[in-house]
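Asks: Given next are the chains, with one letter for each unit.
2 protein chains.
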Amino acid sequence: MKPEKGKTVVGFAGLGVMGHSMAGHIMRGGYDLLVYNRSKAKALDMLTQGAVWKDDIHSLAEKSDVVITMVGFPADVEEVYLGERGLLAGARPGTVLIDMTTSSPDLAARIAAAGAEKGVPVLDAPVSGGDRGAREGTLSIMVGGDETVFNDMMPLFSLLGKNVVFQGGPGSGQHTKMANQIAIASNMMGVCEALAYSKKAGLDPEKVLSSISGGAAGSWSLSNLAPRILAGDFAPGFFVKHFIKDMKIALDEAERMGMDAAGLKKAFEQYGKVAALGLENEGTQALYKLYGD
Amino acid sequence: MKPEKGKTVVGFAGLGVMGHSMAGHIMRGGYDLLVYNRSKAKALDMLTQGAVWKDDIHSLAEKSDVVITMVGFPADVEEVYLGERGLLAGARPGTVLIDMTTSSPDLAARIAAAGAEKGVPVLDAPVSGGDRGAREGTLSIMVGGDETVFNDMMPLFSLLGKNVVFQGGPGSGQHTKMANQIAIASNMMGVCEALAYSKKAGLDPEKVLSSISGGAAGSWSLSNLAPRILAGDFAPGFFVKHFIKDMKIALDEAERMGMDAAGLKKAFEQYGKVAALGLENEGTQALYKLYGD
Chain U
0 MKPEKGKTVV GFAGLGVMGH SMAGHIMRGG YDLLVYNRSK AKALDMLTQG
50 AVWKDDIHSL AEKSDVVITM VGFPADVEEV YLGERGLLAG ARPGTVLIDM
100 TTSSPDLAAR IAAAGAEKGV PVLDAPVSGG DRGAREGTLS IMVGGDETVF
150 NDMMPLFSLL GKNVVFQGGP GSGQHTKMAN QIAIASNMMG VCEALAYSKK
200 AGLDPEKVLS SISGGAAGSW SLSNLAPRIL AGDFAPGFFV KHFIKDMKIA
250 LDEAERMGMD AAGLKKAFEQ YGKVAALGLE NEGTQALYKL YGD
Chain B
0 MKPEKGKTVV GFAGLGVMGH SMAGHIMRGG YDLLVYNRSK AKALDMLTQG
50 AVWKDDIHSL AEKSDVVITM VGFPADVEEV YLGERGLLAG ARPGTVLIDM
100 TTSSPDLAAR IAAAGAEKGV PVLDAPVSGG DRGAREGTLS IMVGGDETVF
150 NDMMPLFSLL GKNVVFQGGP GSGQHTKMAN QIAIASNMMG VCEALAYSKK
200 AGLDPEKVLS SISGGAAGSW SLSNLAPRIL AGDFAPGFFV KHFIKDMKIA
250 LDEAERMGMD AAGLKKAFEQ YGKVAALGLE NEGTQALYKL YGD
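Chains U and B, in that order, are what the protein sequence lines are.
Take the first sequence: its position 19, counted from the start at 1, is 18 in numbering that gives the first Met the number 0, and no numbers get skipped.
Take the second sequence: its position 169, counted from the start at 1, is 168 in numbering that gives the first Met the number 0, and no numbers get skipped.
Check the hints yourself; a few may be wrong.
What follows is a list of derived Cβ distance ranges for each label pair [claimed, not checked]:
# : chain 1 : residue 1 : chain 2 : residue 2 : range
1 : U       : Glu254    : B       : Met153    : 47 to 55 Å
2 : B       : Lys1      : U       : Ser222    : 28 to 36 Å
3 : B       : Ser38     : U       : Asp259    : 35 to 43 Å
4 : B       : Asp44     : U       : Glu254    : 49 to 57 Å
5 : U       : Ala275    : B       : Met256    : 19 to 27 Å
6 : U       : Arg255    : B       : Leu43     : 53 to 61 Å
7 : B       : Lys6      : U       : Asp259    : 54 to 62 Å
8 : B       : Gly231    : U       : Glu83     : 44 to 52 Å
Rather than coming from a laboratory, the hints here were simulated on the basis of the structure.
The structure displayed is predicted, hence computed values, not measured ones.
Ideal placement from N, C-alpha and C gives every residue a C-beta, glycine not left out.
Please construct the entire structure, taking both the sequences and the accompanying hints into account.
Replies: Next comes the structure, spelled out in structure tokens:
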């Protein structure tokens, strides 16, 4: 099935900061949009623009040709997909389900297997790029599942992201997102420790950044989060609590593979300390508070 | 004293991979060049192009208006500057000494203080950008010492680097370089663990890089070293043994400041394992071998 504007009905479940922007792109892209969210309040503005409300996941699935989900934790994903009144229970054969939540690769594979039994293809398609990428439609989307289904869904993905890559079979999108989070996790320690060291050494951290950001120490986090830290801005971009969730999934998977991810373990431990300070609703740059000021 | 082409005599000690390129830029920039190196063989090509050989550090200092050093370890810097027949013993008052070795901030401050007593200004000016930056004259140079002397020396620095930043008093250049190494150290764990995870998860690491390199996980190391790892290329850009030296200096300084640099400690520990495998003459990307393949 290939989505057709004005004909294909797309259901969207999960209208948080990310999901709300993403659902908007689908609607403005010319598709009929059904929405469901735990709190209806977050859907109201979309309903005035033509989206149609559904009271539960099951009826969202029944009425949609494609369902996209962007929920919170793996437990939510499991409930939404595999619950008694969930998506797989409601979906007709041929309906395509796409989970864009960052979740467990293992769970993604289980859901895809359950979908296959019912003739319902499921893709795992987590994203990076944050609220800004969601708003601007410039997300990076990492997709696992059936490649033909992936190709069919490109018209929808291309409304949401710029860098859309098919990574392999079911769970491969989630595994790729885990690799992304693993790379970020250790680097956050490097960024925060470099800044804290600079301050303690009596340097001007802005000048230090002008020396080091463009070279071998350079990274997205150093260029984008270090200036926020120096400005005392710890508002989330990406929540500490969600990052901890992701690192836990990655650690479990690494352990299952027999891999000793020493840096990731240390970062997970450090972020545990950040949460213990009551900072789990701050942005990931709050890691700095363990080291400085 | 401001350097003048065709008049100012510049001494250069330490003609390793970096120093050889850098001394060449000074000579081609129009300055009279005196050179000293432990092994004369590495100077021969420069002597045929007009550089003049000096048999020891002491006479190099006596005959130079500015001396630049690029040696190996802090112990070498200490010997070259503070030894009985070293630079400070040989230099006339007013001669400017510039150490571009990555070395201890504390030692840099001690040398600058000893120089001040003799009327010999000393700058610490370590670099980043590697052999390629040295060859192309595009190094990032981080300078500590007296700001007037720094400004006077800009004609020489600008032959060697593109991003030349005065960071503060004596030792500040070295501290900035330590911040640079601290940022790199933890990130190297992130890069290597992300790659190893990807392979163990059965993904195509090239595709993973195409998904994650341009986003929040992106870094110089991910873009430049991960492809070398995938190609099985562990040749040094930057030697494991030198990185270990730098991390040790940074750890000692952090400890002195009462800072618990948990990520740096873990990276130092991991690189210790790399050295224990006999890989200290490989490039820093050899860290990958702890995790994968």
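Asks: Given the hint of 35 to 43 Å, is the C-beta distance from Ser38 of chain B to Asp259 of chain U inside that range or not?
Replies: About 41 Å separates the Cβ atoms of Ser38 of chain B and Asp259 of chain U, which means 35 to 43 Å holds.
Asks: Should the hint that Lys1 of chain B and Ser222 of chain U are 28 to 36 Å apart at their CB atoms be regarded as holding?
Replies: This hint holds: roughly 35 Å between Cβ atoms.
Asks: Between Glu254 of chain U and Met153 of chain B, does the C-beta distance stay in 47 to 55 Å?
Replies: About 53 Å separates the Cβ atoms of Glu254 of chain U and Met153 of chain B, which means 47 to 55 Å holds.
Asks: Okay, Gly231 of chain B versus Glu83 of chain U on CB: inside 44 to 52 Å?
Replies: 51 Å, holds
Asks: Given the hint of 19 to 27 Å, check if Ala275 of chain U and Met256 of chain B actually sit that far apart at their C-beta atoms.
Replies: Distance hint for Ala275 of chain U, Met256 of chain B holds at roughly 23 Å.
Asks: That 54 to 62 Å hint for Lys6 of chain B and Asp259 of chain U (C-beta), does it hold up?
Replies: 60 Å, holds
Asks: Using the C-beta atoms of Asp44 of chain B and Glu254 of chain U, is the stated range 49 to 57 Å upheld?
Replies: 54 Å, holds
Asks: Could you check the hint for me, namely that Arg255 of chain U and Leu43 of chain B are 53 to 61 Å apart, CB to CB?
Replies: 58 Å, holds
Violated hints for the displayed structure: none, as all numbered hints are satisfied.
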